[in-house]
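Enquirer: Here is what each chain is made of, one letter per residue.
There are 2 protein chains.
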Amino acid sequence: MSKIYVTGLGPGAKDQMTIRAKNVLVHCPVIIGYTVYIDLIREQFPDKQYLSTPMRKEADRCRMAFEEAEKGQDVAMVCSGDAGVYGMAGLICEIGKEYPDVEVEIVPGITAASGGAAILGAPLMHDFAVISLSDLLTPWETIEKRLRAAAEADFVICLYNPSSRKRSDYLQKACGMILESRDPKTVCGITRNIGRDGESCQILTLDQLKDTKVDMFSTVFIGNSKTMELNGRMVTPRGYKDV
Amino acid sequence: MSKIYVTGLGPGAKDQMTIRAKNVLVHCPVIIGYTVYIDLIREQFPDKQYLSTPMRKEADRCRMAFEEAEKGQDVAMVCSGDAGVYGMAGLICEIGKEYPDVEVEIVPGITAASGGAAILGAPLMHDFAVISLSDLLTPWETIEKRLRAAAEADFVICLYNPSSRKRSDYLQKACGMILESRDPKTVCGITRNIGRDGESCQILTLDQLKDTKVDMFSTVFIGNSKTMELNGRMVTPRGYKDV
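Taken in sequence, the protein lines are chains A and B.
To convert, count from 1 in the first sequence and add 231; that's this note's numbering.
To convert, count from 1 in the second sequence and add 231; that's this note's numbering.
Fair warning: there could be bad hints in the mix.
Which copy? The list can't say, so a pair holds if one copy fits it or any two copies do.
[As the list claims (entries may be wrong)] Only pairs whose alpha carbons sit at most 27 Å apart, straight line, appear in this in silico DSS-like list of lysine-lysine:
| hint | residue 1 | residue 2 |
| --- | --- | --- |
| 1 | K416 | K302 |
| 2 | K328 | K416 |
| 3 | K328 | K457 |
| 4 | K404 | K245 |
Hints in this document: simulated from the structure, not taken from any laboratory.
Remember, predicted model here, so these are calculated numbers, not experimental data.
Model the full assembly from the supplied sequences, consistent with the hints where possible.
Expert: So this is what it looks like as structure tokens:
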């Protein structure tokens, strides 16, 4: 029985990939993914059959994976970050119902929350909420409700998809909502191009974040009420030091 | 200048470790960590100087790392999962102020939310909140507030430290609070010993979870209102399929 490995490549798709993910890529003759991710790994694994579909054609890409697997070949379906966090794992499980003979394994990767936190310092030492600002598949009212709830309950907040051409003011709107219950001096961080050329990060206040433009390659972190800037790092204390 | 690499080993500390984490362990002559994690890697990297302190002595362990680094040796400070999620990264950054000559790099790992999600299926396809039920360093009122907020705003919820000997009824209490705003039939999951011998998972309803005992090696997932059980997997749809 052939198998699909839904594989998170981690940020940048090089040494932040897990050993398991690398072994999967070595093993599978067929690798399927969005063009940008394929390009990240093609050089490392040249002797593979690479298949792709454009952005937004996720369901087609999944069916392509099952069809290749039905031909008897093991398939790696790759995503950046973690396939299990806003990734392809869910759709593969849903479409998998139509292909009962194909086995599916999810191979987790480092998601942008973990990868970005490591660059900034240690913002995720305490309870946190991960929220996507993309309203492509989610009503904006739901996103608003979650932003407000997370802000009021003093979660550290990690924002995925904080901006795109069509949504250039969404981060500003999100910061406005969070500011209804949070100190404007709350320590925040922006990471960009995690694990890739041009990787960068910036620490700033919530007030400043509100008026900062970010791009679609960014992940945004909003600290909780205890988060501080320490030697240029964003750190949320857990409390061990006082124990 | 010597360097401390605060390194997440991922679940199980074998092939779910990143290539970067493995390279760090190969490179560093000194490896420091809680005994349980050290035991997981000692066999793979036998020719190292291993140092440890008991549980709860986290600050001592960090100072030990800085003192070894000041002697001129690169040090790997290891944690299971991701050092940046309820891990040692924060304390190392805090204590690092006292040792300005030692460089620190955080090497992220697969945290239990990602590792557990992969075993269950795809529960984290949409916005989620990570909450620790340990009140060792956090007032229980804060935990309650976050549980209620996350439940009301329909986040998928991932619970770390859902139980211990002293807190055997905390998961029950947490489920009770979540049930104030959520359907008793909400799809939930429990993962145990992620990436290790005896790895297992179970899918059940929120109502059933309330009366289920879990141990300290478990991570608990509570779905959002759209999460479903699909062929024995816990899946939160993102919506792609309808696009």
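Enquirer: If you test the structure against every hint from before, which numbers come out violated?
Expert: Checked against the structure, the hints that fail are numbers 1, 4, while the rest are satisfied.
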